Structures are given as C-alpha cells and as structure tokens.
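J.: Please put together the full structure from these sequences, using the hints given.
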Amino acid sequence: MLKSRVQYSKASFITSAPDITKLPADTGVEVAFAGRSNAGKSSALNALTDQKLARTSKTPGRTQLINTFSLGENMRLIDLPGYGFAKVPLEMKKKWQKSLGEYLQKRESLKGIVVLMDIRHPLKELDMDLINWAVDSDLEILALLTKADKLKQGKRKSEVLKVRRELKELSDKITVHAFSSLKGIGLPELAKTLDVWYLGEVEAVAPEQEDDETTS
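Counting from 1, one number per residue, gives the positions in the sequence shown under the UniProt record's numbering.
Please keep in mind that the hints were generated in silico from the structure rather than gathered at the bench.
These numbers come from a predicted model, not from an experiment.
It cannot be assumed that every hint is accurate.
[As the list claims (entries may be wrong)] Distance ranges between label pairs, derived from CB positions:
no., residue 1, residue 2, range
1, E91, W133, 33 to 41 Å
2, T15, Q97, 15 to 23 Å
3, L182, K106, 32 to 40 Å
4, M128, G28, 35 to 43 Å
Ideal placement from N, C-alpha and C gives every residue a C-beta, glycine not left out.
T.: Written out as structure tokens, the structure reads:
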C-alpha cells in the first residue's frame, strides 16, 4: 500500500469542464497532470489513486476536457487534455491549447504541474513549451519519465540524469523521476512530492529540552 499523507485512493470525480469557467471554485490547492497523448498520463493517475480514475484509451488524445477529481479538504487532482499526438481537427487542437493556456495562467489554486514524458522520447517541443510556461508562471514542476520499465536500469538512470541536466538550465526547482505505472517505479516519489505540494513540508519536531537546572 502506498504510504502518503494524502489519501489518493479516495479520489472522486467532480466534473469534466470544457474551460476554466466550468471548473469548481478557485480555492484550495490543485495539482495538474499534463503530457503528450501517448505519455501514459491516465495510467499514472490510476496508479497513484489505485483505481480506474482516468480512462485509458487505445486511441491517444481522447481526453478533450479538463477532468477534475476531489481529494477532500479542498484539494483537487486535475487531468488536463493530452497534446501533440491526437488525430483531431486543427480547430479542436487550437481550442485545447487555449483552454490549457487559460488554466495555467489564470487558475490561482494551481500549485504545481506533473509533466509526463515517455522516457524514450523526452523533452519534445510541446513538452518544453509546457515546462517553460510553468516556469514562467512560478509553478512547482515534477517531470515524470514514464514507461521506465521499457529500459534497463543503467539506461534508465542515464536518461533521468540527462533530463535533469537539461531542465536544471531552466530552473533549479524542477524535480525529475523515472516512472512506471506497470512496475510501480517512481510511485512513492510521486506521492511524496504531491504530499508536500498539498500539505507543505513535514515540520521537524524538536526533541524536548531537558531541564538543565541544578538543585542545590
């Protein structure tokens, strides 16, 4: 069982919105998942919550709405439309892009974004556009390199280090982890990062000071 301070397994569907005007009240804390349509975003959400929260499809790009899930205590998970791969009309792609841009720029409760990229093909142009946008918006960023089980351990580590080096040039605050929803690789790290985004750092409890007064 996943150890975390937030009970992700209790996530529940709220709404699917075509744009930010149809989203829940802009209060509390939201964390958004975004990625190319074939990056394994739905599988990652399902692994995190240990339920079939997000629909997976054999036809990438089916998610055309901003899907919103409650974690209780005014905390929400956001499943943003996939980008880059879907065989859809150009006008639809432009509409998605506009909705995504408005959400990233105007949503005050958005704390951080999880950017999912296939570890074999990371940092494509659209991925970099999204990451740069998030950096400019001063958002927390976690880059998950998905489908990590497809690579041997040595190659996996080298790819993670390579992406970390490249993204460090943009910001020191970007975290990068290998991830596999199939094998559970990176799942504890994902939960730990989101815990901090939702609830803040765990405060260290100082040991009680001993009474050093001496009696005469």
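J.: Determine whether the Cβ-Cβ distance between E91 and W133 falls within the hinted range of 33 to 41 Å.
T.: With Cβ atoms ~22 Å apart, the hint is violated.
J.: Given the range 32 to 40 Å, decide if the beta-carbon distance of L182 to K106 lies inside it.
T.: 36 Å, holds
J.: Could one say that the CB atoms of M128 and G28 fall in the range 35 to 43 Å?
T.: 29 Å, violated
J.: Given the hint of 15 to 23 Å, is the C-beta distance from T15 to Q97 inside that range or not?
T.: Cβ of T15 to Cβ of Q97: about 21 Å, so the range 15 to 23 Å holds.
In this structure, the hints that do not hold are numbers 1, 4, in rising order.
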